[in-house]
Every structure is written in C-alpha cells, then in structure tokens.
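For this one, chain R is given, so just place chains U and F on it according to the hints.
Here is how the chains run, residue by residue.
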Amino acid sequence: MKSFALRTSRKEEMLDITEAVQRIVDESSIEDGLCCVFVPHTTAAVTINENADPSVKEDILSAATRLVPENWDYKHLEGNAHAHIKASLFGSSVLVPVVRRRLLLGTWQGIFFCEFDGPRSRTVSVKVLKG
Amino acid sequence: MKSFALRTSRKEEMLDITEAVQRIVDESSIEDGLCCVFVPHTTAAVTINENADPSVKEDILSAATRLVPENWDYKHLEGNAHAHIKASLFGSSVLVPVVRRRLLLGTWQGIFFCEFDGPRSRTVSVKVLKG
Amino acid sequence: MKSFALRTSRKEEMLDITEAVQRIVDESSIEDGLCCVFVPHTTAAVTINENADPSVKEDILSAATRLVPENWDYKHLEGNAHAHIKASLFGSSVLVPVVRRRLLLGTWQGIFFCEFDGPRSRTVSVKVLKG
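Residue numbers (the working numbering), protein chains in the order written: chain R, 9 to 139; chain U, 9 to 139; chain F, 9 to 139.
Chain R with its partners taken away, still in its complex shape (with noise of 0.2 Å):
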C-alpha cells in the first residue's frame, strides 16, 4: 500500500490524481491486476470522469452542492454535513484495471480528489492488485 499527501487550496475542488496514481503503478511490479484508490476522509471523495474540459469539474460540485446545499437544518453541527453527505454519493474508492503497467482508464477519464471541505492536507492511498 502506497499513498501521498495532497493539499487543496479551495473549499470545493476537483484535483486530477491521475499521474500520481499511475506513478505508483510504475513503482510497483505488477504488470496486470486492479488499481484501487481510496480516500481515507469522510468529507472528501474520489471519483472518475473527464479530464479534457475543466468545465466538467465545475458543473460536478456546482451540481453536487444544489444536490445537498450547505444550509440544509442539519443535526450534524461542525457545519460540514453537506460535505459528509457528498463524500456517501460520490464514493471513497475507485477502481481501475492495470494492464501492461498502465491504468486502463478511457480516453477521457482522469481520476480525480473531491474536496467538499477544504482547504486542508489530505491523503490518497493506492493498493494495486495482481491478478
């Protein structure tokens, strides 16, 4: 199991982890298997989608918000229930076959770090599978 420390800068952020991840794949010998990345947060998430326009990032935490505003009566009240809620949709794990030595991601795809309440120091961790 590997990881890396990241640090968003914004309260809401979408970072593309994708050449981090594929740098552990790199380091690690495994040729084919599954890449797992996992997010040991609960109001942060990672998630898989476009890496091509950044409009795409802003439409999916703009969304994610008017999904599960901030302002919603909340019980939870460090102020950040809208962020926890957002980390159960979006998920804490993504997997991506590895095939060659390379994540077998779409043309599109990046894998990304949610960040529904930053800014803070985070963590990534990647396990990668043989099989």
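By construction, these hints were calculated from the structure, which means they are not laboratory data. Any given hint might turn out to be false.
Just so you know, same-sequence chains aren't split out, so a pair can sit in one copy or run between any two.
[As the list claims (entries may be wrong)] In silico lysine-lysine, BS3-like type, Cα no more than 27 Å apart, as pairs:
(1) Lys10 to Lys138
(2) Lys83 to Lys138
(3) Lys19 to Lys83
(4) Lys83 to Lys10
(5) Lys19 to Lys138
The following block gives chains U and F in isolation, referenced to the frame of chain R:
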C-alpha cells in the same frame, strides 16, 4: 482483462449485462475471488439493482434526471454535463464476489450498464481476481 | 468469502459494521491486501463515513430521503422504488486497504450498512484479497 462491446439504443438506458459478465467469469480459470466491472466512459456508469421488475430501471433513470436535469445552466457546452454528473453519482465500477465460478449476486440483483448520453457504441471491461 | 447476518430495526438506518468486518479480516490469514464489503440486496447499500458523531448518520439518511422522496410517481408498485434508487446512489460495495491485518480506515471512518427499506434480515458478504 476482458472487454465486450455493446450498443445502446436510447438516450438513457439501463442494460442488464449480468450474463455477459458471468460468461467472462466462466472463461477465466478462477474458482474464487472478486470480479470488477469497469466502464471506460465519462457519460455512462455501472450499477447493481433489481433485475426482476423492469420498472425499477425506469424509476432509477427518471430519478436521475429529476436529480440532475438536462437544462441547468452548465458550463460544459456539449449538452451532456448532466450525463457526466450522473456518471460520478452512480460510479464507474462495481465489484462482485466470485464463489465456485459464480458471481455471488443476491436473488434480485443484476449488473446494469447505465447509458446517460446515448445512443452510442460502448465498452465494458471485466477483471476477475483470484483470492 | 465470508458472510454475516444482521437485523435492521427501522425503516431507514445506518449500522456500523466496522468491527464485524475487521473480525473477518482477523480470521483470514491475510497480512496485506484489499477488503471488499458487498451487500447482496437491492434496497440497501454500504458506505464509509464518520463514526464519531451519530448525527452524521441521521443527516445522511434525511438527505437521501430529501433527494429521493418516497412519494414520487414511481412505476415500481411495491412502494420501495425510492429505496432501490438510494441503493444505486450509495452503492453495493466498498473497498478498504488491509495493512498488517488491519483495515486501513481514516481516523473518523467507519463502514456502515445502509438500510433503506427495513426492518429486515440482511446479509453482508466480505472478501479479503491478498496482495
């Protein structure tokens, strides 16, 4: 890693791919393990849900559109921002345990390819890990 | 593959199953790898979120019902269409890295079974893969 192609015929559609995935499990020599179904697209997804009453699929697709309407003021100008958002909400992969060469799905579960921006030619990747 | 049963006592409920999953990791002889928790149901899900303040669970369940109300005009006539939709939004599996026989969860993370159509007798399947 094995892949298969499929052709969607509507703008939004859920296609039962359980048998196609089971066939790949059959062809692998793996008795027990984990099967990952991965969609290499950013306006489609894969999910597990009821395969008995077809109206469940209709309700899921209608709810997705009600949650994320096509006509919000998106920044992504290709007209399919809603499909990108749905893709991240439903997810790009599912995992199913494999026991004695069978996908260990519950009685009512099927694996569904979710088209959110069709009709299109699509690909599904399947990786079976031994364990 | 190991399974355990649980009984939900309310219509909607999030039950912390972290210890039950860790027990299965303990019983396996696997030092390092990946643990998959899979729910073989179509009106329940599994998610990872905060296990400290119990109000986070309440906020997640309330938000789910606010997003997908029970009384929309669904086609599925069993009265639980909303539960099926929530199941697909939250997902049927989670993955957690295993390091030195421990689930590598973040400080505030717990694994939760999500009941959306209870009370019922339910099953959770756990598969630990070496790697």
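Hint by hint, work out which the structure violates, then give me just those numbers in ascending order. The structure breaks hints 2, 4, 5; every other hint is satisfied.
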